[in-house]
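**Q** Residue-level listing of the chains:
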Amino acid sequence: MRKYNKLVFELSRPGRKAYKLPKLDVEEVKLGEIIPSEYLSDEELDLPEVSEVDIIRHYTNLANLNYGVDTGFYPLGSCTMKYNPKINEDMAGLDGFKNIHPLQPEETVQGALRLMYELDQALCEISGMDKMTLQPAAGAHGELTGLALIKAYHENRGDTKRTKIIVPDSAHGTNPASAKVAGFDIIEIKSTEEGLVDVESLKAALNDEVAGLMLTNPNTLGLFEREIVEIAELVHEAGGLLYYDGANANAILGKVRPGDMGFDVVHFNLHKTFSTPHGGGGPGSGPVGVKKILMDYLPTPTVEKDGDRYYLNYDIPHSVGRMKDFYGHFGILVRAYTYILTMGKDGLNRISDMAVLNANYLASKLKAHYNLAKDTIYKHEFVMAGLIKSDLSEVTTLDVAKRLLDYGYHPPTIYFPLIVHEALMTEPTESESKETLDEFADILIKIAEEAKNQPELLKEAPHNTPVKRLDETTAARKPVLKYEG
Amino acid sequence: MYTYIPNTPDDERQMLEAIGVSSIDELFKDIPENVKLNRELNLHPSMSELEVSRYLTKLAQKNKSINQMTCFLGAGAYDHYIPSIIGHITSKSEFYTSYTPYQPEVSQGTLRYIFEYQTLICNLTGMDVSNASLYDGGTAIAEAAFMAADITRRKQIIISKTVNPQYREILKTYAHLQNLEIVEVDEEGGVTNLEELREKLSDKTAAVIVQNPNFFGIIEDLKAIEEVTHSIKKTLLIASMNPISLGLLKKPSTLGVDIVVGEGQPLGVSLQFGGPYLGYIATKKEFMRKMPGRIVGETVDLDGNRGYVLTLQAREQHIRREKATSNICSNQGLNTLAAVVYLVSLGKKGLREVAIQSAQKAHYAFKQITKSGKYKPLFDKPFFMEFAVTSDLAPDKVSKALLDEDILGGYALEKDYPQYKNGILYAVTEKRTKEEIDKLSSVLEGII
Chain A
95 MRKYNKLVFE LSRPGRKAYK LPKLDVEEVK LGEIIPSEYL SDEELDLPEV SEVDIIRHYT
155 NLANLNYGVD TGFYPLGSCT MKYNPKINED MAGLDGFKNI HPLQPEETVQ GALRLMYELD
215 QALCEISGMD KMTLQPAAGA HGELTGLALI KAYHENRGDT KRTKIIVPDS AHGTNPASAK
275 VAGFDIIEIK STEEGLVDVE SLKAALNDEV AGLMLTNPNT LGLFEREIVE IAELVHEAGG
335 LLYYDGANAN AILGKVRPGD MGFDVVHFNL HKTFSTPHGG GGPGSGPVGV KKILMDYLPT
395 PTVEKDGDRY YLNYDIPHSV GRMKDFYGHF GILVRAYTYI LTMGKDGLNR ISDMAVLNAN
455 YLASKLKAHY NLAKDTIYKH EFVMAGLIKS DLSEVTTLDV AKRLLDYGYH PPTIYFPLIV
515 HEALMTEPTE SESKETLDEF ADILIKIAEE AKNQPELLKE APHNTPVKRL DETTAARKPV
575 LKYEG
Chain B
632 MYTYIPNTPD DERQMLEAIG VSSIDELFKD IPENVKLNRE LNLHPSMSEL EVSRYLTKLA
692 QKNKSINQMT CFLGAGAYDH YIPSIIGHIT SKSEFYTSYT PYQPEVSQGT LRYIFEYQTL
752 ICNLTGMDVS NASLYDGGTA IAEAAFMAAD ITRRKQIIIS KTVNPQYREI LKTYAHLQNL
812 EIVEVDEEGG VTNLEELREK LSDKTAAVIV QNPNFFGIIE DLKAIEEVTH SIKKTLLIAS
872 MNPISLGLLK KPSTLGVDIV VGEGQPLGVS LQFGGPYLGY IATKKEFMRK MPGRIVGETV
932 DLDGNRGYVL TLQAREQHIR REKATSNICS NQGLNTLAAV VYLVSLGKKG LREVAIQSAQ
992 KAHYAFKQIT KSGKYKPLFD KPFFMEFAVT SDLAPDKVSK ALLDEDILGG YALEKDYPQY
1052 KNGILYAVTE KRTKEEIDKL SSVLEGII
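Line order of the protein sequences matches chains A and B. The letter at position 117 of the first sequence is residue 211 when you use this note's numbering, and the numbering goes up by one with no holes. The letter at position 148 of the second sequence is residue 779 when you use this note's numbering, and the numbering goes up by one with no holes.
To be clear, the hints were calculated from the coordinates, so they are not data collected in a lab. Be careful, since some hints might not be right.
Simulated crosslink set (DSS-like; lysine-lysine; CA at most 27 Å straight-line) [what the hints assert, rightly or not]:
1. B:Lys1070 x A:Lys114
2. B:Lys723 x A:Lys114
3. A:Lys255 x B:Lys954
4. B:Lys954 x A:Lys114
On a predicted model such as this, the values are computed, not experimentally measured, just so you know.
Produce the entire structure from the sequences given, and follow the hints as far as they go.
**A** Shown next, in the form of C-alpha cells:
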C-alpha cells in the first residue's frame, strides 16, 4: 500500500464541487434588502473545492491509516475496547430515532421517551441505584454531574464547609480534574503496597470538611477493593458521600452492584461497558445514577411515566439545573439499550465472567516475562510494571508498546496508573477468544526476547506503520494547529 | 453461547486450568459475600437480533419523524440537508471503532481529520486556533466562560437574555460550581439591550456572552456590543454563532470577538432527539494554552515525514489531574468527522448557498405568514433564518392544528420569555420548498 499523506485542502482545485442544491423556488430578494450590508461578509469563504470522488477517496485513505476494534485486538486498560455490535448502529439509524427533533411535542416522541425510561430502569437495576439522569455526555461529564449533586446535597443541608473530595492516587485523571472543576479541593490518598485504598490513610483524611470520596471499583489496577463495606461506612459516618466511577464496571455486571456496596452516586460509560463505539474519541455517554437521597437534586429534565404516557419532568425541587443541551446523547442511548436487550440478564453476567477470565488468563501467561504480582486475582484488567529484567533499563514500556504496533496490535494503556512504574495496563474484554490472547501473549513474550537480544529493534519501533515515531516535543513547543497552505 | 463472546466451554476449561483455579466463581472470590448480588438481575433474558430489532423498530415507529412531517422547528437544532456521503464516511469502522488517538502511529486517520476540522473552524470564524470539539453548543459556552474567568482572573460573567435559554441554564449550573457570578442583560425589541450592558459592565466582568444570530434569529449588532465590551480593559467577548450563518455574515474575528463558540449540529449531524451533536470553540492565539479539550498539532516523524499528534497536553487531565484547564477527556470524534465532510462537501460556494437559500426562504415564509395581519412580527429587526410572530392564538392550539396537517410548527417562546405569551419562533432551512411554506402559511391562516 502506498503511504497516504494528504490533507483535504491539498486536493482543492478552483471550480470543483461536491454538492448540488435544488434551485431557489421562492422569489429572490437582494440580500442587502433583508440583511443590512454592514453585517454581510464580502470575502469568499476559505473552504476547499473538491469533488465527491476526491472526498470519498481521501477519507477512505485516512480510514486505512487508523486502527479500530474491527481491525484487531485493542487491549487499552480502563477503556473497555469491546466489540461494537452492528445492530446497535442500525437501531440508532431507524428513522423514528435518528430524525426526530428534540423539541417536538411529547405525543410525537413517545417511543423515544419510553426507550429512555426503560434504559433508566435497566441501568438502575444493574447499578443498584434508584434513578438515573441520562444527560451527561461522557464519563468525565458524568463525574462533574455527580459531583454537582454531592455539592447540592451538602449545600441544601447547610453543610457548607464540605469543600474537599478524596481521591485515591490510583484514580483516573478525570477524577481530580472533575472535582476541581466542580469547585472542590482534592485530597489524594496513597494506596497500599498491594494497590488498594489504604484504610488508615482514608481515616486520617476524613473529617467534617470532606464532601465525598471518588472510587473506582475494581480499581485501575484491576483489583477489587475488598474493604469497600468498611470504606463506605467510614465515609458515611464522617458525613460524606461515595461516588462510583463506572469506568471499570465491565467486571461486575450481575455480580455486585455499586448501590449495594454503599455508593450514593454512580456513572456508567456507555461507550465502555455497554458497547457503544468510541468513535475516535467520542461521542460517548455517561449516565449518572443516584440513591433516593440525591433524587431531588438531579438535573432537569428526567424522563417519567404516568400510566401509558411518558413525559419530561422539569419539576425537580432542588435540581442542580441543566448539564447539557436537551436530554443527553440520545443516539448513544439507543445503541446501549439495544445491547442491554440483546445480552439480557444472563448475557450481562456472562460478559463479566469472560472479561475477568480473559484478563486472568492473559496475566497468567505473561507473569514470567513482565512484572506482575504472583498470586493475585484480577478483575477485568491487570497492570504490568514493564519488563522483568531490570538490566534492560534502556528498553522502556514505550518501546514495548511501539513494537507491538509492528506486530499489528494496539498496545495497552501505558504509563497509567501513575503509581505503577513503567505501567502497561491491559484490558482484553470479553470480546476476545483464547486464540487471540494466546497470539498476543506470544508476541509480548517475543518482544521480551527481542528486548534482550536486539534492543535497538524496540528503540526504533514502530518500523512498518504509516508514520514512524512522531516528534511530540516540537509539536508542543512550536504548535502548528491548522493548515496554512 | 453469545454472538459477541467467542470463548467456548472448552476454551473456558483450558483457561481456568492455566490460571490454576477450578471455576469462574473462584475469580470473583475477592468480592465480599455480603455485598454480592447472589441473584439474577431483574431484566429480560437475552434476545435474538430479530427480536431486538422487532421491538426497537416498534418503539421507533411510535415517534413521528421529520420525514413524516414538514419541519419548521429550530431553536437550537436544525433540519438542514445532510449529504449521503457523510453517513458513508462516518460509518467506516476504522473511524468509529477506534479510540482517542493516543498511539499516533496507528491513528493518523483520526488525527488528520481533526486537524482538518480545526483548520475549517479557524477559516470559517477567522480565529487563530480551534480545539478538536466539545460536547455541544451549551457546554461550549460554559467552557468558554471558565476559560475567560481563568484568563482575566475575574469572577463575573455577563450574558444576554437573547442567548438560547438552555445555554443560559447550563452556564448557571456550571457557574455555581466555581462561584462565578452570572449577570443577565435583558433584551429590548429582540436584541441585547446595549445601555443595560454598558451599565452592568465593570472591571469585575470576565466576559460578555452573546449569541449571533440570537435565539430569536435576529442578527445582533456585534460591532456595537464589541465596542461596549472592550471599553473595559481585559473583558472578553464570547459569541455563540450558528456555523451556517458564517456562510454569509462577517467573520467574528473581524468584529473583535475573543472566543467564538457554537453548536455544530447544523453541519451534517442528524437531529436524533437532541444528541450527540458537537460544540465548537475557537479563539485567539494568545489564549491557545487556556483552551479546554483535545488539540491536534502537526509535526514530523523520525524520517522527517509529516504527521499529526495530540498536543499541548500539559493542559489536560490525564497529565495535569486537578490542575487541568478542564476535565474533558473526549471530543465529539465521529461528529467532528461529519462536520468536516459537510464543510468540504459544500466547500467555498456551497456553504454560502445553503446560508443564502435558508435566509431567502425564511424571509419568504415571514412575508407569507405576516401578510394578512393575523400573525404579527414580534420584532422589527433583521434576521437570518428564524423569526418570531405572535397572534391571538395559543401556541398549543397552533401546534396541534399544524401537526394535524403533518407540519412540525415552531417553538413557543412563553416558557422562557413570559412577556411573549403567544410568540412562536419558526425556522426555515434550505430544505423547505415554496409549496411547503405556502402550506404552512395557509394552514396557519385557517386556524380559528
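**Q** Now tell me, hint by hint, if it's right for this structure.
**A** Status of each hint after checking the structure:
For the hint pairing B:Lys1070 with A:Lys114, the CA-to-CA distance comes to about 25 Å; that is within 27 Å, so the pair holds. Distance hint between B:Lys723 and A:Lys114 is fulfilled; the C-alpha atoms sit about 24 Å from each other, no more than 27 Å. At most 27 Å may separate the alpha-carbon atoms for a hinted pair to count; A:Lys255 and B:Lys954 meet this at roughly 22 Å. In summary, the hint linking B:Lys954 to A:Lys114 is not supported, as the alpha carbons are separated by about 48 Å, beyond the 27 Å threshold.
When held up to the earlier numbered hints, the structure conflicts with hint 4 and nothing else.
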